[in-house]
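K.L.:
For the record, the sequence lines run as chains Z and Y. If you count by my numbering, then the first sequence holds residues 1 to 235, one letter each, in order. If you count by my numbering, then the second sequence holds residues 1 to 288, one letter each, in order.
Don't take each hint at face value.
Chain Z is faced by these chain Y residues, among others (derived, beta-carbon under 10 Å) [claimed, not checked]: (1) D4; (2) P68; (3) A72; (4) V76; (5) V79; (6) E165; (7) Q175; (8) A181; (9) V252.
If you're looking for bench data, these hints aren't it; they were derived computationally from the structure. All residues carry an ideal CB built from backbone N, CA and C; glycine is no exception.
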Amino acid sequence: MLLEVKDLEVAYGDFQVVWGVSLTVDEGEVVTLLGPNGSGKSTILNTISGLVPVLRGDILVRGASIAKRPTHHRTGLGIAHVLERRRVYPYLTVRQNLLLGAWHAKAKAVRDETLAQMVEMFPILKDRTDQLAHTLSGGEQQMLALARGLMAKPQLLMVDEPFLGLAPQVVEQLKAVFAGIRDSGIAILFIEQNVRLALSMADRGYVLESGRLAISGKARGLMNHKTVRRVFLGG
Amino acid sequence: MSTDLLIQAIVSGLLMGLIYALVAVGLSLIFGLMEIVNFAHGEFLMLSMFFSFWFWALLGLDPLVSLPLVVAALAVIGVAVHYGIIRHILHAPMLAQICATFGLALAIRSGAQLFWTPDFRSITNPLSEGRIEISGIFIGQPQLIAGLVCLAAFIVLWLFVSRTETGLALQATAQDRDAAAIVGIPTDRMFALGWAIGLGCVAVAGAMLSSFLFVFPDVGVNFALLAFVAVALGGFGSIMGSLYAGIAIGLVESLGGVFISPSYKSLIVFSLYFAVVLFRPKGILGRY
């Protein structure tokens, strides 16, 4: 198993937000994490990448616990994280953003090659190469954030709400990009508010409700499941 | 009012401004990186002046010769300050952060008074001494060398931050700490590096000042105040902003001293500051 989250509990100070969540992502698999606002989705991704500490439970990558490793070691273990709201480095150029994505040694060794692939995958970034990242449009920033994540040569790409605030055409473009990433054998774990969109892209899904797992299963089975409808529509 | 006097005032203001700029950029860099205001900045300037003084008094090394040693010493102190104090208060309330660096300032200044007495000391017969005359304009040699060394240090800093990979990682950390950590940049080490560079800058300025100013435990206070003005004026976290603001302060101080009255020079500097923050609160090149 590529990623295994076991009975994860997370708290911000005294305020616990994740209660005993377990999930797995296999090599090359596309998995979505669904749930209403504040259900703990982002917190789980942030805990996997180490920005938020684990209270109880464990996180394993290929069977080895990473729960105590500092954040900056985790990209080297094959996990790249594209944060919510893109979080590109606003006052660095597109190119500098991308180069920094390949920070750990293994990625740095093949940096120029990966950079060429990224430019091919996201042609828009080529035209913007010397532009400061904050001057890009939302869609372009999302592409940059994804490309920066891929520069780390991950086996698992975690993406937090990639479609947030994007125009429908851009959403379609991004969907094609995700299909390309999946075809190259990289597993994806992503968060999305739009249930239909998310399940149309994923193999499997997990649905969170107030920090607890409500239901999980194959994407197709979740599409019209009554529990999913209850969580999202409150019905 | 002669042109000579005007040029004289501009030249000395410019040279002093370069020193202010280097003191300010250290402060600005540390703030930009981790949003910590280093209230002990003036004390580190004082420490580096004392280090230069003692290298001269005990070992006979001129400040220009001991410069690399003083810079190295302050850089090491910077790293120690980060790991010993700052990293423990990074997520603490702002008041705790202010108390920490302010307390450090008091400790260093009192320590200096205790161990080195409040006496005024000076380095006699430094390598750079006297003044040179260029068509009626007199330039103090120590000031000229100090200004040029500070400018050189500034250029090196600029090249490091904007051209090297580590410099880019430093910028990325300043712009978005979490986004830097997730690509694998060790942000804690970047903070330590920021402190090393910040205090290294102060050390260059302090070492240069020691060859023409008195060295005493309170010497840093006024410089720190001007550095705060320069940082606010130039924009928090902006390197070039510190340069422009430092030079502006040097010029305003010197021109005001010559054309209005030397006793009003601080008033003029702070009026300039007041005017800028009133109309452009984020400073000349600020992003915040």
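K.L.:
Under the criterion of a CB-CB separation shorter than 10 Å, is Q175 of chain Y in contact with chain Z as hinted?
P.N.:
Constraint on Q175 of chain Y satisfied, holds at 5 Å.
K.L.:
Does the CB of V252 of chain Y sit less than 10 Å away from some CB of chain Z?
P.N.:
violated, 28 Å
K.L.:
Under 10 Å, Cβ to Cβ, is where E165 of chain Y needs to be relative to chain Z, so tell me if that hint holds or is violated.
P.N.:
holds, 8 Å
K.L.:
Answer holds if the nearest beta-carbon of chain Z is closer than 10 Å to that of V79 of chain Y; otherwise answer violated.
P.N.:
violated, 18 Å
K.L.:
Restraint: A72 of chain Y near chain Z, CB-CB cut 10 Å. Satisfied or not?
P.N.:
violated, 27 Å
K.L.:
Restraint: V76 of chain Y near chain Z, CB-CB cut 10 Å. Satisfied or not?
P.N.:
violated, 23 Å
K.L.:
Using the nearest Cβ pair, does A181 of chain Y come within less than 10 Å of chain Z?
P.N.:
Where the cut-off is 10 Å and the nearest Cβ of chain Z is about 4 Å from A181 of chain Y, the hint holds.
K.L.:
Is the hint on D4 of chain Y kept, meaning its closest Cβ partner in chain Z is under 10 Å away?
P.N.:
Given a least distance of 43 Å, the restraint on D4 of chain Y is violated.
K.L.:
Using 10 Å as the Cβ threshold, decide whether P68 of chain Y counts as touching chain Z.
P.N.:
violated, 30 Å
Violated hints for the displayed structure, listed by number in ascending order: 1, 2, 3, 4, 5 and 9.
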